[in-house]
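Protein chains: 2
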Amino acid sequence: MSRPAAPRVTIRDVAAAAGVSVTTVSHSLNGKGAVDPATRARVKQVAAQLGYRASRAAQALRAGRSGTIAFVIPSVGAVAEEREMLSLDYYMQLASAAARVAFTRRHPLLLPPPIETLDDLRELGVDGAILCDPARDDPRIALFEELGLPIVTIERDLGRPDHRWYVEGDNRGNMRLLLDHVAAAGGRRIALLSADSTWSWSADNEQAYRAWCEEHERTPIVEPTSLRHLETSAYDRACALLDRPDRPDAIIALAERYATGVVRAARERGLRIPQDLLVAGGIDSHQAAEGDPPITAIDLQPELQGAAAAALLVALTEGERPEAPRIVPSRLRVRASTQRT
Amino acid sequence: MSRPAAPRVTIRDVAAAAGVSVTTVSHSLNGKGAVDPATRARVKQVAAQLGYRASRAAQALRAGRSGTIAFVIPSVGAVAEEREMLSLDYYMQLASAAARVAFTRRHPLLLPPPIETLDDLRELGVDGAILCDPARDDPRIALFEELGLPIVTIERDLGRPDHRWYVEGDNRGNMRLLLDHVAAAGGRRIALLSADSTWSWSADNEQAYRAWCEEHERTPIVEPTSLRHLETSAYDRACALLDRPDRPDAIIALAERYATGVVRAARERGLRIPQDLLVAGGIDSHQAAEGDPPITAIDLQPELQGAAAAALLVALTEGERPEAPRIVPSRLRVRASTQRT
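One line per chain: the protein sequences are A and B, in this order.
Each residue of the first sequence is one higher than the one before, starting from 1 at the first, in the UniProt record's numbering.
Each residue of the second sequence is one higher than the one before, starting from 1 at the first, in the UniProt record's numbering.
Treat the hints with caution; some may be incorrect.
Identical copies carry no separate label here, and so any pair may be met within one copy or between two of them.
Here are the computed lysine to any residue pairs in the SDA-like style, where the Cα-Cα straight-line distance is at most 25 Å [unchecked claim]: (1) K44 - A15; (2) K44 - G19; (3) K44 - A16; (4) K44 - A17; (5) K44 - D120.
It is worth saying that the hints were derived from the structure and are not from the lab.
Here the structure is a predicted model, which means the values were calculated and not measured.
Between the sequences and the hints, there should be enough to build the whole structure, so can you do that?
The following block contains the structure:
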């Protein structure tokens, strides 16, 4: 490992030149602690004269500040299974949008490996995090809070009703929109492949589905489906649904990739989509758009959600108190899977 | 900023307990420097007993090692324009694949802001980088080399013929495949919207295009197109091409989003695709797949390229000497834009 070409000015050099302690220099430069304005000004001037530039690594070590923002995907179990989340359109579009905002504000965006302990988190030396789809009482939020690091969630932690730093779509409204659309398309027995999780997104959707069924005097048909091995899990649940005597004539496949499993199950049973079975997705993806048939789905507009979350987090790391939560508009993408022509 | 709950075991504690120098501990634990095996083993044992865990930030500060891998997008000018790169399917799919590999190997993947100086790079405290589409003599590679950090490029730096740590597709073969396909589809005057850059990908494609034209005794029609504001730039160049007296009957739009600009220019002129004009893309994207019409394109399989680059870099950061370069297979995706039925 070669060393930097020139020895860099250290915080100690600045302290010596300014005749103050290293702590005072640190506080003066990162705007923390109680330092009288005159001293702070002098320290800043000396630091500038010496060409002192705090290294991010040094900052990270000293005060947990690195300017880096972590983008954390949902924890759904083993690493091998968690990798699947990293391959989903929704999270990658969120990450891409967050990276664009961070990039413009000159903050690095970090995609970390699983964070399980305080050490894991300390070692990342990040300034804060965007956490996607927190579980109820997500332990990772507690870790960030223990280190005093701001965290913005996409969707809410149902165990933390007071945490208002989140971004989400109008999940209940979206589910009603989807149900009205599927019903208008001819769906009479509309089943829901719900996402078996404690995520607010899953809860909001299932709640709205049940409320809608009650209002429309329909019997809810809910199949909780695993968030691991999405396609296969959805295929299994869809098979169970389609082999029932009172077979549903419409299935709402909540999570990304669920629809693909449903289509497979329907095909094997000689059911045509949309003629014999209407299929709609709770979250859009390129797989849905490009599928055969293309699948009607809710587009949560992750590019807007990710940008809003990054802007919110950057503001928090810079000590502002921005407006929150932020509800991002969604879109219903109508495609062949619900169009009987 | 709250402090870590418990004081952590430091490298000094380990040095004291093992009766060796801090440097020896450092070298023993990160496998560097000359330490005799017995000492290395003892240090590791002591470190384990004390529950010592090197903090990534400390490592970054001490030796520029953080376990973090940077994923660096092409530099195409101002930050505002560079952001466009971060929104392209190709780079986001590369990043996603690299993140999955890094995640599994427990390395964080960093999407940094623009890297212009050694300080920028030092502050990131990364272990190495994957750099996409380097320009000829890309200055960022020099920065990494100055800090002795390994760098794997996706595509090659044409100014560094000796740098063999790269991953790429068979660009020349892909262009020939595309040209043969477009010619078989009826293209007689096949024009190329080339990407105006010093990237090896651009050079390989243009070279293969010219060679193919010569072999087939056709006059090459090349319109160098900017990599900034991709759609608009391609639209402008396509307008120029389509208003020529000897209007081409086929256009190969090399870069992502170019095809969209070509389609717009053709529409405005009442030209039908594929009947009056064949359109094909040099790189696939969801925009191409979902476009109206869907566009035939070369799929460089970024998910394979990104995984290969990450595996290569991780091996290098761990001191191995893996096989390189790695040529990743590509696929021709035939769609309506070149199918006259």
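- Message: For each hint given before, does the structure comply? Return the numbers of the non-compliant ones in rising order.
- Response: As far as the earlier hints go, not one is violated by this structure.
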